[in-house]
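Asker: Dock chain one against chain two, each of which comes alone in its own frame, and use the hints as you go.
Listed here are the chains, written in short residue letters.
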Amino acid sequence: MTERIGLFADLHSNLEAFDACMEKAKELGVTRMVFLGDLVGYNADPGALIDRIAEMVADKKAIAILGNHDQAVFEDHRHQMNASANAAIEWTKSQLNSSQIQFLKDLPLMVQENAMCFVHASAHNPADWNYITDSMSAWRCVQSSGKTYTFVGHAHEQALFYQSAVGKLIRFTPHPGDEVPVMHHRKWVAVVGSLGQPRDGNPEACFAVFEPELEVLTFHRTPYDQFTAADKVRRAGLPEDLANRLITGK
Amino acid sequence: MLINTDIEAVDEIFQEGKVVDGFVLGTEVHRGGMASLYSATKEGIDVPILLKIPRVGRDQPVESLIGFETELTILRSLKSPYVPQYLGSGNMATRPYIAMERVEGRPLEDFIKEGKVFTIDEVVKIGADLAQAVQSLHAQDAIHLDIKPENILIDDKGKLTLIDFGLSHHARFPDLLAEEMRKGIGSAPYISPEQVTGIRSDYRSDIFSIGVIMYELLTGELPFGNPQSMSGLRKRMWAQAFPPRAIRKEIPRWLQEVVLRCLEPRAADRYQSATRLRQVLRDHESVTLTERADRVDPLSFWENLKRMFRAAGYEPSPSPRPSVGNDDAPLMIAAIDTRQSDEDLRERMQTTAKNLLQAYPESRLVCLSTIASTPTFEGNQESETASGIVRGHLVQLMEWAKPLKLPPERISYHVLEALDPASRIVDFAKDNDASLILIGASHKLPNKVTPWRTSMTKIVEEAPCSVHIVRT
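Line order of the protein sequences matches chains A and B.
Per the working numbering, residue 1 is the first one in the first sequence, and the count goes up by one each step.
Per the working numbering, residue 1 is the first one in the second sequence, and the count goes up by one each step.
Hints are supplied without guarantee of correctness; some may be wrong.
Distance ranges between label pairs, derived from CB positions [what the hints assert, rightly or not]:
| no. | chain 1 | residue 1 | chain 2 | residue 2 | range |
| --- | --- | --- | --- | --- | --- |
| 1 | A | 201 | B | 121 | 45 to 53 Å |
| 2 | A | 113 | B | 418 | 34 to 42 Å |
| 3 | B | 466 | A | 90 | 46 to 54 Å |
| 4 | A | 80 | B | 414 | 48 to 56 Å |
| 5 | B | 12 | A | 128 | 44 to 52 Å |
| 6 | B | 15 | A | 55 | 38 to 46 Å |
| 7 | B | 418 | A | 55 | 32 to 40 Å |
| 8 | A | 29 | B | 472 | 50 to 58 Å |
| 9 | B | 155 | A | 131 | 31 to 39 Å |
| 10 | A | 27 | B | 466 | 36 to 44 Å |
| 11 | A | 113 | B | 352 | 53 to 61 Å |
| 12 | A | 27 | B | 230 | 48 to 56 Å |
| 13 | A | 128 | B | 222 | 31 to 39 Å |
| 14 | B | 318 | A | 112 | 38 to 46 Å |
Just so you know, the hints here were simulated from the structure itself, not pulled from any lab data.
The beta-carbon is built from N, C-alpha and C at its ideal position, and this holds for glycine as well.
The shape of chain B in the complex, shown without the other chains (with noise of 0.2 Å):
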């Protein structure tokens, strides 16, 4: 890494009562590993000031600079009641700081090191409450990756905020993170499986963390210790947790459903949002019971050897952006028959795709169209190559849509190779998870009608989703 030198005189810049671009130092607040804390204040701002400088220098870890650089990047891009706001920062290579609100309360691990014992109703609330602060983080594409009981501070109102976002990941910025060297960067007992394997951008990630933080409120233990080394880290990609309700009996079974559900192995497997988890949370009757939630005993010895050697080929799922763990963005199928000139049936097709698109506003429309089969050697003229004859028809499914007006994030353009169209439209229908496929039937088509209905009743027999017949 190439960093200025200067650096090291920013012990000298920083002190008490030094004034830097504006913001007049008060004392310093904390001194962990990797910053110090100043208070400041700073004429035309009227919320205290934390000012976070740092530690650089020649001891220091590189991922000092990064983490701050990350955290620079990150809190200024947030807008989010739950974490702390951005006030201004400083040129990285000569007076690095981040200027921003100091927020009251403590960390939610001065509690625990306290000894407190939390009741059941405040685990709940607690959790819920982080579910939704972590939601207002995925919701703008960025994803914690160090929620831990340090970084939650929480007021004598019990309001709870985000903090350090220095190991954060936001996928609209790149990730200096990514490719360390080491893997599995993060406190090891709240870091998901997927985080030590070295994923930087699963927001599912959170969704495990908050997990462990409910484990460990409600049982006073962490659910998969405090390892040292790689092969401890990895033993959270098969080992079940102690079930909570063989620690602490009054915990629900439905509490135990849900927490245990946070820390499954795989992503996929936990809630997909952190507003499920926070409506499970509060109401509590609509939590599926499963096995998970009459768990008392640990596994048998020979049950997690089984769960072991399956982990032995750990394949994280993949993961979605951020902001899609959201259900509110249906997807829609128009299979448009790219031979066919009804001029009439086009137009109704049209009208429908754009009242159903106006319906949802944060739906989007995929546009279809099947070939039999493209050619596999590549032909003299670019319209007989394979390229050439996919784009053909991909002109045809834009000029087909060109009417509807729709911004490019709302619709996308498909041509399928396939045999049979009707099997291959369902497929992708369910690869998608589309909510509704459009078809059109024609009346004016007599030679077609056969193959055509034979088609159209597949899809409509076989469809994963509704099925719209727009009709002339």
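For reference, chain A alone in the conformation it holds in the complex (with noise of 0.2 Å):
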């Protein structure tokens, strides 16, 4: 069976998302899960996330990468968010347990394998969370990373960065469901897009899946059930705005 690797990124604590990307992922056939970081984060099912991917990475079915939101958990990073991020994470601190904290804190900045690597926010200078949002962005990753493939998460919105013959890197903004080759002989920096809190106007959940052997990789969205969502984090007494952005996917 060839291998079929499901990319998860900025998953925020969004559990009924998180829900609706397994099970779809599972009817895609993938055979491999990879989390790229923010796990936790802006929602309100932090622990139950964390639990459910600490049970996949442990039977070896998952690989997670940190990103600055689980950080932001058990050191400070006041200073680099805004204030509804602060509020959410002071939030998630109190609900969490110390080994759902410790799993946080042994998370990997940066896991290579084979031609492929998966990192939070940028392979460039891992800890700075640099976003990766244009072709020079694109293209310090790919110089860091040295793979043919390089997936992140940490911007919300899903684009494919691909080597021109120049050798810069062009956006591509990628299609739903469309299975794009992704030929080996150039580079790649693929960002998987926003599980947990979508920013790109439309509220369904983002994530991709990987598939080395044929050289293919295709972006999905996932439809869920946002305002259920919603509701938790107006209960959980989250900022209203985060509630909001969940509904608007804005």
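Answerer: As structure tokens, this is what we get:
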């Protein structure tokens, strides 16, 4: 059976979106999962989400990477985040038990495997949490990772950067469900999009599936019950704005 | 580019009699600058097979491999009776090939070279068939961008096939030729003005190329010659082609109108879909004649000079997504007053919207709400900032639309800042080519009736489209 890697980033404690994506991934025949960081923050189910991911990691069915929101649970990040994000981190801390926090502390910043590199923000100084938004930041990331395929999150919108004839990396906005050939003589950086807090105006959860042998990458969007997730955010007493973001996807 | 050096062994892999991934290679049927073509057979495939192998190696231009990769990506995704069927491919790095259906027919180029004189009817038929073939690409969000007689095969029944997608663009795949150093790649006589400037995403470029081909078949001449320099290529951004009727008198005026309209420098002035072009070619009574139909003389020196200066600021028209070329996807606007709390009216508007959307499966709904103005400063609370206020309204619009259960591609939400909501809604409808505005009129707000009535009257009077007023 050919390998199918499910790529999920910026899950942000959104259990409804997580469950919907796991189900979709199963349907798509995903054989292994990579969680590209920011498991927690913003939304209402940090503990449950960590427990599910920790179990998959323990069973060797998944790799999980550290994100800046995960780090903010055990290190001071207050000056790098906005008020709503900070409020959510403070709340998250109160919800997690010591083993859940330990799980976050043990997450690696970056994992490299064969032709692939998995990292939350950018392979270029990963601990600086630089966004990949343009050709230059994508190029720096590729230079540092040295790998054919680099998979990241952090920036919440799906994008695929590919190397052009002149070496420059060009941004492509993928269309969900289309299999994009990603031939291995070029370098690629895929921003898989946010599972738990999409911001492109479409509330559907983002993820991607990579098939290394077939050299095919497919971006996906999955509808889920964003109204329930938003209700939970409100009931947890988290900032109203975070609930609205889930409903609007903005 | 990082291309595996194993690739130099390609010439040894692909030889007559050898077997590659089950494909038994036959004779080499063609050797071009970019690729070689072999006939082939494979068990289980009953159509004749053609293997396309890129010419690679140190002395080959890198475009030949990028073109190959582009063709592979696009051909693999296309389903069209006017395109060879994709049958398989080999690893790009070690044994690159594309296997496709070997289509019967001769390139249109051969007929031209033989000096064939095409009758008016023949040209009209080729033009209409080409438009249909091109439309089948555009409907799949692909643009050929290299429509020329060499790339059009015609079989003995007159059926036409488009080949060679090495320069094509597909909106759903990364454009590997984007931001190429060299602008205006393609075949000099046939590429559109916007292609000359490096734009590869305008499907109306294909309509320009069809115009060039029809012109050539009708007159035996190329409308803008075969320039070899950038300045020569730029001429098509302003020049008018010599009127075809001045070369061949029997060309009907309507056909000159159609051909010259395809050749308009600005894409927005051409036919806006290949379907439309096919329609006018098949039913010439529907052609609206303009001065293009009456041109007999070339432009004067002064007129040309004026057009040339205007073209110095040549700005290509914005390029819509290819598949939106068709007009059967009406846009409806639901103007929603988020302050108003009349449940009956809300429900009735939702039902009306639902019914209308069901009537047009390709229609889209825009939920619109206006707000007076947002503060320019950033407040302490997120709900006081501009983005917070707008987001609050967006949430209300989304809650409003929730019962309609529309997929995201059929609905969008806009909160517009406006002092005069009516004019803003009318402008929005104009800018977006809306087909219908849906508004609600409540009887339950006596104190607000006057301003509301003024607003509604204004929308009804000034809207560029139909207005549907929902009453309780």
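Asker: Take the hints in turn and mark each one as holding or not.
Answerer: Here is how each hint holds up against the structure:
Checking the proposed 45 to 53 Å range against residue 201(A) and residue 121(B) shows it holds: the Cβ atoms sit about 51 Å from each other. Between residue 113(A) and residue 418(B) the Cβ separation comes to about 54 Å, which falls outside the hinted range of 34 to 42 Å. At about 53 Å, the CB distance of residue 466(B) to residue 90(A) agrees with the hint of 46 to 54 Å. In this structure the supplied range 48 to 56 Å is violated for residue 80(A) paired with residue 414(B), their Cβ-Cβ distance being about 32 Å.
Against the hinted window of 44 to 52 Å, the Cβ-Cβ separation of residue 12(B) and residue 128(A) comes to about 49 Å, which satisfies the hint. Checked against the given bound of 38 to 46 Å, the beta carbons of residue 15(B) and residue 55(A), roughly 55 Å apart, lie outside it. One distance hint, 32 to 40 Å for the beta-carbon pair residue 418(B) and residue 55(A), is violated here, with the actual separation near 52 Å. Separated by about 51 Å at the C-beta atoms, residue 29(A) and residue 472(B) satisfy the suggested range of 50 to 58 Å.
For the hinted restraint 31 to 39 Å between residue 155(B) and residue 131(A), the CB-CB distance of approximately 54 Å leaves it violated. Distance hint check: the CB atoms of residue 27(A) and residue 466(B) are about 42 Å apart, consistent with the given range 36 to 44 Å. Between residue 113(A) and residue 352(B) the CB atoms are about 55 Å apart, so this pair conforms to the stated range of 53 to 61 Å. Checked against the hint of 48 to 56 Å, the C-beta distance between residue 27(A) and residue 230(B) comes to roughly 52 Å, which is consistent with it.
Judged by the Cβ atoms, the range 31 to 39 Å given for residue 128(A) and residue 222(B) is violated: they are separated by roughly 56 Å. The hinted window of 38 to 46 Å between residue 318(B) and residue 112(A) holds, with their beta carbons roughly 42 Å apart.
Checked against the numbered hints above, the structure violates hints 2, 4, 6, 7, 9 and 13; every other hint is satisfied.
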